[in-house]
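Undergrad: Sequence:
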Amino acid sequence: MDLIEKIGHSLVHHGKFNNRIFLLKYDPNDRANITQKLNELARKNGYTKIIAKIPAAAQPVFLQDGFTQEAFIPAFYKGEDDVFFMSKFLSDERNASPNEALNTLANLLNEAPNNNGVALDDRFDLGLAKPEHAAEMSKIFGKVFATYPFPVTNPEYINKTMQDGSVIYFGVWDQDQLIGVSSAEVDAENKNAEMTDFAVLPDYRGHKLAYFLLKLMEEKLKEKEYKTLYTIARLNSPGMNKTFINHGYHFSGLLKNNTNISGQIESMNVYYKTIE
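Under the UniProt record's numbering, the letters of the sequence shown match residues 1 to 276, in that order.
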């Protein structure tokens, strides 16, 4: 599994599983040499992509080093400053464009949001997931995803992220059986959250459970006064993209060949929503 560690004062996620470096948290104290350090780490390990999530003020540093903008989210930091996803591709294969899937996305984005007649079946219950649900949750992730960029198939990882407050988990139950999960990776300081880890058992697809999980997640985060919600959704999952479009999220860019999920490196779409 890939590592999460610091380069200087900044936090990075890197390894051969995703064959990339992801700068998760940029520290301005590293401005003078951050791109040099990222390039050195990529060369040393033979990675084929570097992606950096950075505030607007840092963008010139990355542009100067040959990074290009793939996506952005406005009002990301405390509802004020924007964030940019800047990437550098280190192989032609990694930089290839997924044209066929982009045609499907273009069609989705041109469709009007449609929530007519959407109602949750009375047999299902939604709520916050707790530590005692970690083992069940990890099994669901294992059944839904052949591979995943974070160790969500490990109950200890789920428990750890619950306890440190970095992730809020949600579930949907059929009677006493957990059948679907999702999570919000929260940045309490900057009042933003990533809506992620949607997984529903195959036998329960078609009930729009992801739609209702997302609705509950938004309600809980609005109560906590979060300002900006976003997701990084698989380009190859039209249904998940449509779920966010129907909830009023705005498409703001494509992260090409970015993430190892469901057994292969896939391109990911960025969507955001500002909470009033």
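Incorrect hints may have been included.
The calculated label-pair distances, taken between Cβ atoms and stated as ranges, are [unchecked claim]: (1) Ile275 <-> Asn29: 38 to 44 angstroms; (2) Leu128 <-> Glu156: 15 to 21 angstroms; (3) Asp122 <-> Gly8: 49 to 55 angstroms; (4) Glu223 <-> Glu100: 39 to 45 angstroms; (5) Glu225 <-> Gln264: 27 to 33 angstroms; (6) Lys44 <-> Pro202: 28 to 34 angstroms; (7) Gln264 <-> Ala57: 31 to 37 angstroms; (8) Lys220 <-> Glu132: 18 to 24 angstroms; (9) Gly248 <-> Glu223: 14 to 20 angstroms; (10) Asn29 <-> Leu108: 40 to 46 angstroms; (11) Asn29 <-> Ser91: 27 to 33 angstroms.
FYI, nobody ran anything at the bench for these hints, they're computed from the structure.
Predicted model only: the values in this text are computed from it and were never measured.
The beta-carbon is built from N, C-alpha and C at its ideal position, and this holds for glycine as well.
Undergrad: Please go over all the hints and tell whether each is borne out by the structure.
TA: Hint by hint, here is what the structure shows:
1. Ile275 <-> Asn29: 38 to 44 angstroms: violated, 31 angstroms
2. Leu128 <-> Glu156: 15 to 21 angstroms: Given about 20 angstroms between the Cβ atoms, the range holds.
3. Asp122 <-> Gly8: 49 to 55 angstroms: holds, 54 angstroms
4. Glu223 <-> Glu100: 39 to 45 angstroms: Check passed, 41 angstroms falls within 39 to 45 angstroms.
5. Glu225 <-> Gln264: 27 to 33 angstroms: Given about 38 angstroms between the Cβ atoms, the range is violated.
6. Lys44 <-> Pro202: 28 to 34 angstroms: Violated - the Cβ-Cβ distance for Lys44 and Pro202, about 41 angstroms, lies outside 28 to 34 angstroms.
7. Gln264 <-> Ala57: 31 to 37 angstroms: Distance hint for Gln264, Ala57 holds at roughly 35 angstroms.
8. Lys220 <-> Glu132: 18 to 24 angstroms: Holds: the Cβ-Cβ distance is about 19 angstroms, inside 18 to 24 angstroms.
9. Gly248 <-> Glu223: 14 to 20 angstroms: holds, 18 angstroms
10. Asn29 <-> Leu108: 40 to 46 angstroms: holds, 41 angstroms
11. Asn29 <-> Ser91: 27 to 33 angstroms: holds, 31 angstroms
Hint compliance for this structure: hints 1, 5 and 6 are not met, and every other hint is.
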